[in-house]
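Peer 1: Each chain, written out:
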Amino acid sequence: MSNFKIELENIEKTYLTKNGPLIAVTDVNFGVEENDFVTLVGPSGCGKSTIIRMLGGIITPTKGKIIYSGKEYTNGIPREEQRNLGFIFQSHNLLPWFTIRKNLELPLNIFNLTGEKWQKSIESLLQMVNLSEHAESYPTELSGGMQQRVGVIRAMVHNPEILLMDEPFGELDAINREQLDIELLSIWEKTKKTIIFITHNVSEAILLSSRVLVMSTNPGRIIEEVKIDLPRPRSLEMMNEERFLDYEEQITNLIGELNLEMVE
Amino acid sequence: MKARRSTKNVLAPLIVLVVLLIGLELIIKAFNISRQVLPAPSAILSVCAKEFKVNIWSHLIVTLKVIITGFIVGVPIGIFCAALLSQFKILEKAFSPYVIMLVTTPFIILVPIFMLWLGFGLNVRILAVILQTIPIVMLNSLSGFNNVEKVKLDLMNSLGATKVQTFIKVIFPNALPQVFTGIKLGGIFSTIAAVSAEFAGAQTGLGNRIMYFSSFIETELAFGCILIIALIGITLFNLTSMVERKIIIWKK
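Chains as they are written, first to last, in my numbering: chain Z, 1 to 264; chain H, 1 to 252.
Watch out, some of these pointers could steer you wrong.
Said to hold, decoys possible - No more than 30 Å apart at the CA atoms, straight line, and that leaves these computed lysine-lysine pairs for DSSO-like:
id	chain 1	residue 1	chain 2	residue 2
1	Z	K193	H	K150
2	H	K50	H	K29
3	Z	K65	H	K93
4	Z	K71	H	K163
5	Z	K120	H	K163
6	H	K152	Z	K65
7	Z	K102	H	K29
8	H	K163	Z	K102
9	H	K184	Z	K71
10	H	K163	Z	K63
11	Z	K193	H	K152
12	Z	K63	H	K50
13	Z	K18	H	K163
14	H	K152	Z	K18
15	Z	K102	H	K65
16	H	K89	Z	K18
17	Z	K102	H	K93
18	Z	K193	Z	K63
19	H	K163	Z	K117
20	H	K150	Z	K102
21	Z	K192	H	K89
22	H	K89	Z	K120
23	Z	K18	H	K184
24	H	K251	Z	K65
25	H	K246	H	K152
26	H	K152	Z	K63
27	Z	K102	H	K152
28	H	K93	Z	K18
29	H	K150	Z	K63
Source of the hints: derived by calculation from the structure; they are not laboratory data.
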């Protein structure tokens with residue numbers, strides 16, 4: 001019996017296209033322990049989004065099984081399990097017709113969570129990201145960074161154990177992204193969620209996670225696992241340290257080799 | 001700023017109207033055009049004002065009743081049918097060619113047949129209005145319901161939302177601009193259908209009055225009725241636009 005919170009066994013996803021079946025990812029095996037922060041990094045088209053979408057129950061694997069807290073799922077993630085997940089999208093993905101508060105109430109409505117306790121959870125999350133006074137605003141009235149913060153806390157209002165983040169800060173500029181990375185780390189230290197994070201930005205992956213899974217294309221698969229042995233709490237200053245740069249070089253080289261493979 | 005824009009919105013078309021009316025008046029006077037061909041705007045106004053109570057008012061009420069009843073019944077049915085079709089692809093495949101066929105069918109050609117079933121009362125005309133309104137509302141709503149960003153559906157999937165929850169929280173509000181386009185067109189179609197049905201066979205209503213006054217060469221009254229019908233159409237359109245602006249507040 002492993003003590004993984006999340007485990008993937010021989011996961012494969014095949015899409016049917018006009019030119020026949022296309023293998024998006026194959027032979028995906030990895031586990032994530034409770035409270036761990038793991039990043040998947042790789043070039044576009046390597047299937048990293050496919051993996052996290054399978055974990056979130058948005059799509060179903062063609063082969064293999066996903067194991068959450070010891071429970072095995074071969075045919076997609078059922079609703080009861082999705083209650084334990086919070087999915088954060090690449091774009092903030094807020095619903096423009098709802099105010100910020102209504103957007104945050106969405107998971108509560110869907111999961112049928114009523115009562116004072118859950119309303120308080122919204123208030124404290126809003127406070128955590130300093131957006132309390134924007135509760136009644138509409139998403140378009142907020143800046144990009146603010147919208148993305150709401151997108152992050154929306155995935156947390158139902159208090160899930162696991163956060164699945166699909167390139168959440170990919171659309172922000174570098175300064176905003178780094179700031180949100182640091183905020184995310186402090187949220188993680190406080191709440192001790194289990195996080196799987198997708199990015200194509202190598203230094204973001206190193207800054208955040210304890211392990212980086214490096215992916216390759218054609219077909220999408222995980223080729224290497226790099227353990228990040230940097231002390232916590234992490235800070236932006238660490239990004240100039242030698243050890244950080246070594247990791248960066250190591251992972252960039254791994255991805256670079258892939259790109260050469262692709263050219264051949 | 002906002003107030004100034006809305007005055008402009010009212011003032012600009014009014015100026016066009018006044019210029020048009022004065023122009024027409026002058027041309028008719030200058031070329032001595034007979035009132036049997038084209039009555040002068042001033043004559044239309046004065047004759048209609050005099051005859052309004054006795055010869056127009058009760059017919060206006062009848063026509064309004066037909067338009068509004070048909071519109072109020074037809075619009076929700078159209079939206080509901082579009083919702084069903086959008087959520088069950090097999091229904092959409094089966095029915096969408098007929099929806100387009102129904103949009104292009106002028107239902108007034110069926111009015112004589114409806115009369116065989118329903119008699120000569122208002123119900124025939126209301127039915128014609130309903131049948132003309134449903135397809136155009138449906139067509140526009142359907143394109144709205146089918147036009148959702150995939151990532152928003154992914155969000156609902158990640159929450160394990162049911163089909164009904166996804167429709168209420170995402171698909172319907174997302175489609176509201178197109179639904180309102182459908183409703184606005186529905187108002188226009190309702191007006192056209194009501195007047196056409198009155199043409200096809202009725203003893204009351206503004207459509208019938210146009211034929212009646214024309215046959216007695218009461219051109220001022222006939223043109224007056226035409227203008228009133230146009231006014232009904234514009235009013236219905238603007239009322240719907242007003243409701244639209246009140247509801248879709250997130251789009252500015």
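Peer 1: Confirm or reject each hint.
Peer 2: For each hint, the structure was consulted:
Restraint check: the Cα-Cα separation between K193 of chain Z and K150 of chain H comes to about 28 Å, which is no more than 30 Å; the hinted pair holds. In summary, the hint linking K50 of chain H to K29 of chain H is supported, as the alpha carbons are separated by about 22 Å, within the 30 Å threshold. With a CA separation close to 35 Å, the supplied pair K65 of chain Z and K93 of chain H exceeds the 30 Å bound. Only pairs whose Cα atoms come within 30 Å are accepted, and K71 of chain Z paired with K163 of chain H is accepted, the gap being roughly 26 Å.
For the given pair, K120 of chain Z sits about 29 Å from K163 of chain H by alpha-carbon distance, which is consistent with the 30 Å threshold. A threshold of 30 Å between alpha carbons decides the hint, and for K152 of chain H with K65 of chain Z the separation of about 26 Å falls inside it, so the pair holds. Of the supplied pair hints, the one linking K102 of chain Z and K29 of chain H is violated, its CA atoms being roughly 64 Å apart against a limit of 30 Å. Taking the CA atoms of K163 of chain H and K102 of chain Z, the gap is about 19 Å. The hint holds against a cut of 30 Å.
Taking the CA atoms of K184 of chain H and K71 of chain Z, the gap is about 53 Å. The hint is violated against a cut of 30 Å. As the CA atoms of K163 of chain H and K63 of chain Z are separated by approximately 26 Å, the hinted pair is consistent with the 30 Å bound. For the proposed pair K193 of chain Z and K152 of chain H, the alpha carbon gap of about 25 Å is at most 30 Å, so the pair holds. With a CA separation close to 83 Å, the supplied pair K63 of chain Z and K50 of chain H exceeds the 30 Å bound.
Restraint check for K18 of chain Z and K163 of chain H: satisfied, since their Cα atoms lie roughly 28 Å apart, inside the 30 Å limit. The hinted pair formed by K152 of chain H and K18 of chain Z meets the criterion: a straight-line CA distance of about 25 Å does not exceed 30 Å. Annotation: proposed proximity of K102 of chain Z to K65 of chain H is violated, straight-line Cα distance about 40 Å (limit 30 Å). Distance restraint check for K89 of chain H and K18 of chain Z: the Cα-Cα separation of roughly 21 Å lies within the 30 Å cut-off, and the hinted pair is therefore satisfied.
Under the criterion of a C-alpha separation no larger than 30 Å, the hint pairing K102 of chain Z with K93 of chain H is inconsistent with the structure, at around 35 Å. Only pairs whose Cα atoms come within 30 Å are accepted, and K193 of chain Z paired with K63 of chain Z is accepted, the gap being roughly 28 Å. A distance of roughly 27 Å separates the Cα atoms of K163 of chain H and K117 of chain Z; the hinted pair therefore holds under the 30 Å criterion. With a CA separation close to 21 Å, the supplied pair K150 of chain H and K102 of chain Z stays within the 30 Å bound.
Note on K192 of chain Z and K89 of chain H: the hinted pairing is violated, with a Cα-Cα distance of about 43 Å set against a maximum of 30 Å. Under the criterion of a C-alpha separation no larger than 30 Å, the hint pairing K89 of chain H with K120 of chain Z is inconsistent with the structure, at around 41 Å. Distance check on the hinted pair: K18 of chain Z and K184 of chain H sit about 40 Å apart at the alpha-carbon level, beyond 30 Å; violated. About 43 Å separates the Cα atoms of K251 of chain H and K65 of chain Z, which puts this hinted pair outside 30 Å; it is violated.
At most 30 Å may separate the alpha-carbon atoms for a hinted pair to count; K246 of chain H and K152 of chain H meet this at roughly 24 Å. Distance restraint check for K152 of chain H and K63 of chain Z: the Cα-Cα separation of roughly 26 Å lies within the 30 Å cut-off, and the hinted pair is therefore satisfied. Straight-line distance between C-alpha atoms of K102 of chain Z and K152 of chain H comes to about 15 Å, which keeps the hinted pair within the 30 Å bound. Distance hint between K93 of chain H and K18 of chain Z is fulfilled; the C-alpha atoms sit about 21 Å from each other, no more than 30 Å.
For the given pair, K150 of chain H sits about 24 Å from K63 of chain Z by alpha-carbon distance, which is consistent with the 30 Å threshold.
Of the numbered hints stated above, those contradicted by the structure are hints 3, 7, 9, 12, 15, 17, 21, 22, 23, 24, listed in ascending order.
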